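Given next are the chains, with one letter for each unit.
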Amino acid sequence: MSESELGRKWDRCMADTVVKIGTGFGLGLVFSLTFFKRRMWPLAFGSGMGLGMAYSNCQHDFQAPYLLHGKYVKEEEQ
Amino acid sequence: MVPRVWSLMRFLIKGSVAGGAVYLVYDQELLGPSDKSQAVLQKAEEVVPPAMYQFGQYVCEQTGLKMPQLPAPAKFNFHIRDTWNSGIITVMSALSVAPSKAREYSREGWAYLKERTK
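Residue numbers (our numbering), protein chains in the order written: chain Y, 57 to 134; chain E, 877 to 994.
Note that these hints are calculated values from the structure, not bench results.
These numbers come from a predicted model, not from an experiment.
Be a bit skeptical, because a hint or two may be false.
Covered by chain Y, according to a simulated footprint, are these stretches of chain E (three or more residues, beta-carbon under 8 Å) [unchecked claim]:
id, stretch
1, 877–884
2, 891–902
3, 913–926
In this text, a Cβ means the ideal position worked out from N, Cα and C, and glycines have one as well.
Make a model of the complete structure from these sequences and hints.
So this is what it looks like as structure tokens:
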């Protein structure tokens with residue numbers, strides 16, 4: 057992986073993290089205000105979910121070039 | 877009868893607000909792949925500052941107040957790669973000139989003290 061590609065991946069990862077944590081926090085805020093009587097746990101839950109999803113995306117993005125994909129090939133009967 | 881209808885209305889309003897938020901997230905694919913999130917962030921950077929400026933102008937027109945000259949809105953879609961590299965270069969160049977700068981400042985300080993105690 058070249059350095060410019062690595063830099064692009066990091067940029068994408070940071071942007072994704074910001075968006076997902078913000079979205080999770082926003083959804084948690086909406087649910088906290090509407091259904092859960094202004095408790096704090098939906099905000100923490102939503103932010104945590106967003107962080108976890110962003111981490112998973114980043115991990116997949118960085119590992120993708122090094123993962124080998126194989127398939128089973130039947131032996132031809134002689 | 878009326879309290880029940882009112883509680884049902886309240887539940888429907890809350891449900892529609894929450895459902896609208898969930899639909900908005902689904903429609904914009906905010907919790908989807910990372911390239912979509914990056915595109916959303918770029919679009920937000922293009923759209924939000926002019927919208928805020930126009931809203932400020934509208935409020936000033938309606939209320940008759942004069943809007944103060946605000947500083948430029950902060951960029952929130954900076955590139956980590958560029959800022960990291962420039963940050964590393966700045967830190968390393970500061971460390972490399974630190975001994976000579978320290979010597980120069982201490983000389984100036986010593987000369988200042990000598991002049992003051994004359």
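**Item:** Hint numbers not upheld by this structure, sorted from lowest to highest
**Value:** 1
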